[in-house]
Each structure stands twice: as C-alpha cells, then as structure tokens.
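Enquirer: Chains as they are written, first to last, in the numbering used here: chain W, 9 to 362; chain X, -9 to 323.
It is possible that some hints are incorrect.
[As the list claims (entries may be wrong)] Reference listing, derived: stretches of chain X covered by chain W, where coverage requires no fewer than 3 residues with Cβ under 8 Å from a Cβ of chain W: (1) 106 to 114; (2) 243 to 249; (3) 298 to 311.
[Stated by the list, open to error] On the chain W side, residues computed to face chain X include the following (Cβ under 8 Å): (4) R135; (5) I136; (6) G138; (7) L139; (8) F151; (9) L274; (10) P309; (11) G313; (12) I316; (13) T320; (14) H323; (15) A331; (16) V334; (17) P341.
Hints are computed from structural coordinates only; laboratory data are not their basis. Everything numeric in this text was worked out from a predicted model, so none of it was measured. Backbone N, C-alpha and C define an ideal beta-carbon position, used for all residues, glycine too.
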Amino acid sequence: MLYRENGQFKSTYASDQQMLPIAQDRVFMVLLLAFAFIGVPLVTSDYVFLSLLIPFLILTLAAIGLNLLVGYCGQISIGHAAFMAVGAYAAYNLVLRVPQLNFLVVLLLAGLIAAVIGVLFGIPSLRIKGLYLAVATLAAQFFSDWMFARVKWFTNYAHSGSVQTAPIELFGWTVETPVEKYLFLLAVLVVFTLVAKNLVRGHIGREWMAMRDMDVAAEVIGIRPVYAKLTAFAVSAFYCGVAGALWGFVYLGSWEPLAFNLNLSLNLLFMIIIGGMGSLLGSYFGAAFIVALPILLDQVPIWLGVPISTATSAHLALMIFGALIVFFLIVEPHGLARLWAIGKEKLRLWPFPH
Amino acid sequence: MRKNWPVLALGAALLVGLALPLATGASSLGFYIEVLLGGLMTGVLYSLVALGFALIFKASGVFNFAQGAMVLFAALAVARLAEAVPLWLAIVLATAIMVALAWVIERVVLRPLVNQEGVTLLMATLGVTYFLDGFGQTVWGSDIYKIDLGIAKEPVMILEKLFEGGILVNKEDFLVAMVAAGLVAGLTLFFQKTATGRALRAVADDHQAAQSVGIPLNHIWVIIWSVAGFVALVAGVIWGSQLGVQFSLAQVALKALPVVILGGFTSIAGAIVGGLIIGVGEKMAEVFLGPVLVKAFDLAGGGIENWFAYVLALLFLLVRPEGLFGEKHIDRV
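Generate the whole structure from the sequences, applying the supplied hints.
Expert: Here it is, written out as structure tokens:
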C-alpha cells in the first residue's frame, strides 16, 4: 500500500538511471543514514560498539571487496585475508616511517599497495579459473602469513612479532572513543559503498559480470579478460587492504601476524555466501550475521541456564556455523539479499497480491 | 607430443635446484639422502590425502575441501576408540563411521545441491569442514591423542659402510610407504577390475550418460565418499601415529590442494606423483634453501615449507594449468 511506485514517472534519462529509482527507497535510505549517524550513537553502549558494530563495519568493507571479485567477477578467492594483512602492515609502516602523512592518505596508499599485490596474485586467473584459482589464492594466504611473521622489517624488528599502533588522528581529531571510531568507520564505509555501487553499475562492473557469466562469450563480444579480471582483483584487493588497515588500527590496535589467517579468509567467504553473492547489500547482511552469530551462540547457554565450557561452546559454534552454511546453500543459494528482494517484491503487491 | 617449453624450463629449474646442494658441497651425500627420504615419506602422506580428494573430484566434480577435516575426524575416532577396544577393532568401527558419514553427506548435502555450480559445492564442503571440525572435537574431545601402531620407532642406521655416518631411517616410515603402495594398488584394481569400479569410471566420464544407462548416481556417490573416507582414515591413522592426533592435522592436510593441482585434479597417478614432488620439494627447500634465505634477508626463522608447496603449485599452474596428468580442458561457447 505504502510501497508502490505508481505515479512516479521518469521523464529524464538521469531519473531513470538513478541509484534508487523508487521514492520510498530514497526516503528509507535517508532515514537509515540519519539513524546510523545520529540515532545509534545516542542509544548504544560501548560494549555493543566494540564487540558488534565496529567489527561489523570493517568486515562489511572487506566483504564488499571480496564480493566485487567473487560475486561480480566470478573469480573465487580463499586468500583475501592476505590482502587485508598487506593493507594493515602497509599502513603500519607508512605511519611509522612517514609520520607526517594524513591517515586518510595512509589508508588510500595501503589500499593501493594491497591492489598491486592483488594484481600480482591475480595474474594466474588469466590462465586458470574456478577451483584452480582457489588454490592459487591460498598461496597468497600462506605466503603472507609467513612473510609478515618472518621478515622483521615489516614489524619494525619487534621482538614478539606483534605490532602496536597509536590512535589515529585526522585533521586534529583523535579517533579514540568507541563512538568516534564508529562514526569514522561508518563514514568510510558509506563512501566506499557508494563507490562500489557506481563501479558495479558502470561499464566496468558490467564487464566483470560478463566475465562471471561466461568468460569465453564475454571475450568474443570484445571484453578484454586481462583488463576485466585484473581490475577486479585490483579493486577487490584495494577494498580489502583498506579494511585490513582499519581492522588493525581501529579495531585491534595491536596485532600479531596470525591475526589475518586462513580463518579470516574463510569467514569473509562465508559472509558473501550467506549474505548473497553479487550483491552489495548482501555483504552487509553477511557481515552482520557472521559477527553476531558467535556472540549469540555464547549467550544462548547463559539464557537457557545450561552451563557449557568455553571449549565445548566453541566447538558447538563451529558445528552450527557449518550446518548453517550448508543450510543456506540448499535453501537459498542467493543468500539473505535474495530474501530481502523477495520481501520487497511482496511488499509492493501487499495487501492485494493479485 | 608438442613440446611445452615453459614446463620443461620449470622442471629443469627444479632439478637444478635439487642438485645444487650436492654440487656446491653444502651437504654430504648421506645427509642429502636422509633429507630426500624424509621428503618422500612426507610426500606419501600428502599423496594419501590427495588421493581421497582426487577420487571425489573425479566421480562427482566436487572440490572437497573437507578431506582434511575427514582425515582429522577419522584419526580422532580411531584414537579414542582404541582406548576402549583393540586397535584393529577401532579401525573397523571407524571405517563404519566413515561410511555412515559418507551416506549422511550424500543425503543431506550433495543430493539437494545436485546440478549446482562447482563453486557452490566447494562452499558446501567448506560448511562440512567446519561442521566436522566442531563435531569431531565435541564427540571425541580436543586434546592431543596418540595412535600406537605397535611398531618400534627408534631409527635404524643403514648403509653405514657406504657413507660416513650412515643414513638414519625409521622402520615405521617403510611400513607407511608399503601401506600407501598397497592402497594405491588396491584402488587401481578396484577401479579397473570390478563392476562397481567400472560404474565409478562411467560416472566420472559423464554423469548424464552414466545415469541414462542405469547407473544409480546416488549410490555411486555414497560409495565414492566412503572410499574417500576410508583413504582419509588410513591417512589419519598414519599421520596420527607420527605426529599425534590434533587439530593441526586438518591444517596440514590442506597441503593436498597443491598436490592435486600439480598432479592434475582427476588423476590418481597424479595425486601420488604430485605428493612425492611436493614432499621432496618442500623438505629440500626447508633444509637447504631456508637457511640461505634467512641469512640473505635476515628473517626470524625459516618455515618456508608452509608456503613452498602452494607457490610451487602456483608457478606450475601458470605454465601447465591442467596439471601433470590432467585432461586438457577446452572451452566452447
């Protein structure tokens, strides 16, 4: 009844091609942003910020990065935590060695360095595809695990191999309290989401999708696979590099080389599967799900009054996690984003479905 | 056959790399052979895991990420059951469990996902991996367990007359190599000589054609996953007896991925040869290349065997994407 586009006529190309063509969507988006920027900081406690919202925002950014590659370009990667690690260590070394740089510049440079590494490990994708590529990206994962643990220069010759960071400063503003961190991350994420949205609806995104749907056919109609695949790797690694830098500086503060291990890579992959491949909205859903699930699973036994040791609950969480992934793949291979789309479709017809 | 120069170049580079420690006198012949044997033994273990992997990929086109988790699960089952019953009975019981597991996986995971893309199936096996890791440790416990095969572990000196210092070898290692060889021979016979084996090969060649001549796909999948489960059991028992049964086993089993890449996804011979190459390659790299790297770049320790296999597979993919024994893939629009 409320959600209907009757009477909204498009009289220019611009209005036909805008990002949110339905007026109600635009209103909803404005309200959502207002709530996220103003409402949430007013009502939320520090605990929720630190354990839920901050990791959610950063992992969403990383999931968007991975989604651009896997969901939009169809090149599977199970080593994306490697690019996060590259971003994090690049940012650490930039801050350490060139302290006068603005953190935003550091962030972009870290992303660019990650992008270069991403292109490097993306080169095999020109010859191999599908599952073979998965193993190639595993090489990136294990190599980066090793490199950042062993090459002392990256950690500034720290004895334990772990690195520490100071709170970041932007134009004299020190991002220190949870609320400030949240607002900073939210702003970054909004900007990056906007960029990603426009990338995927522009010509480059269409090239990626053509590569994904059928690479040989795409090549036949004149899409250069080298260009399409490597840009996807570059942009994807850029996003993950930025996310990695934020993960290190804003969320962890100090971290060890194994902070960016295979588990994180797999988690990123789960986010986009559960959220929905080839959907930016899905990256949000997936990240929220993966961040919230372990916390929820920790709480359930307490609510039920059944005491379970931490080891058992960790194993149970693994089991539920695995079962849920299989469940989602069977029931809705297109993820939560698909459910959202179905819901929207239903809402348009409601309350008269015929 | 057309000569593939990049492959030859890579092979030549590897051989030169292998010969270098001896040629430069960086190691004595005895020590060199010891390292080589050690690498081969590790390679056999990788081969065993890769074998289960190749079997499943061949018959169902599923990239089974869960093979490592299956190895861990089987090893845990044997280790814990052996505490209550004799070892042979524990192995029999664990085999039954693996068969049941294969049946469940086919019913719950594969059947609903039939005809889905390879990537979706890979993700599903990732889910199975997580589930098995959690389930195994919930049921069997998460400490480090031992499997005792009842063979003396102390190393024996051989060929003392030939080299100064002789060569240290482990009796158990030889047994392991024999078991692996026996397993491969048995599997080959099973695939080539039995009716079931023929059906399995038919399914591997073409699902639809096999189904249309009356081969029940679902049964075949249960069988192939059971066989893979059994191979995982053998690998798990052997590894468990050498390294102890613990969670890291699943991680080590990931090395089977570069092995199948190297050998070719669908080839049993490839899994064996690939495993040996990777095993020897990474041992050699760790022992001889590692210290050189540490010195040159001032590293905090070696450990290059963690990534050597993957990077080797990556290089190999660049020059020969289908692997050593894989079938060449031709794309058609």
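Enquirer: If a hint holds in the structure, say so; if it does not, say that too.
Expert: Structure-based check of each hint:
1. Restraint check on the stretch 106 to 114 of chain X versus chain W: 7 residues with Cβ-Cβ distances below 8 Å, three needed, restraint holds.
2. Check result for the stretch 243 to 249 of chain X against chain W: holds, 3 residues qualifying (beta carbon to beta carbon below 8 Å, three or more required).
3. For the stretch 298 to 311 of chain X, the stated coverage by chain W is satisfied: 7 residues place a CB nearer than 8 Å to a CB of that chain, which reaches the threshold of 3.
4. Interface hint status for R135/W: upheld, as the beta-carbon distance to the closest one in chain X is roughly 5 Å, under 8 Å.
5. Taking 8 Å as the C-beta cut-off, the interface hint given for I136/W holds, the closest approach to chain X being about 5 Å.
6. Because the closest C-beta pair between G138/W and chain X is about 6 Å apart, less than 8 Å, the hint holds.
7. Against a cut-off of 8 Å between C-beta atoms, the interface hint on L139/W holds, since the closest Cβ of chain X lies about 4 Å away.
8. For F151/W, the shortest C-beta to C-beta distance to chain X is roughly 4 Å, which falls under 8 Å, so the interface hint holds.
9. Interface hint at L274/W: satisfied, since its Cβ lies 6 Å from the closest Cβ of chain X, which is below the 8 Å cut-off.
10. Violation of the interface hint for P309/W is found here, the shortest Cβ-Cβ separation to chain X being roughly 14 Å, above the 8 Å cut-off.
11. Of the supplied interface hints, the one on G313/W is violated, with its beta-carbon coming no nearer than about 20 Å to a beta-carbon of chain X, more than 8 Å.
12. Of the supplied interface hints, the one on I316/W is violated, with its beta-carbon coming no nearer than about 10 Å to a beta-carbon of chain X, more than 8 Å.
13. The interface hint given for T320/W is met, as the beta carbon of that residue sits about 7 Å from the closest beta carbon of chain X, less than 8 Å.
14. Contact between H323/W and chain X, as hinted, is supported at the beta carbon level, the nearest pair being about 4 Å apart and thus within 8 Å.
15. Here the hint on A331/W is kept, as its CB sits about 6 Å from the closest CB of chain X, short of 8 Å.
16. Below 8 Å, beta-carbon pairs count as interface contacts, and V334/W has one with chain X at about 4 Å; its hint therefore holds.
17. Nearest Cβ of chain X to the Cβ of P341/W: about 6 Å, under the 8 Å cut. The hint holds.
When held up to the earlier numbered hints, the structure conflicts with 10, 11, 12 and fits the remainder.
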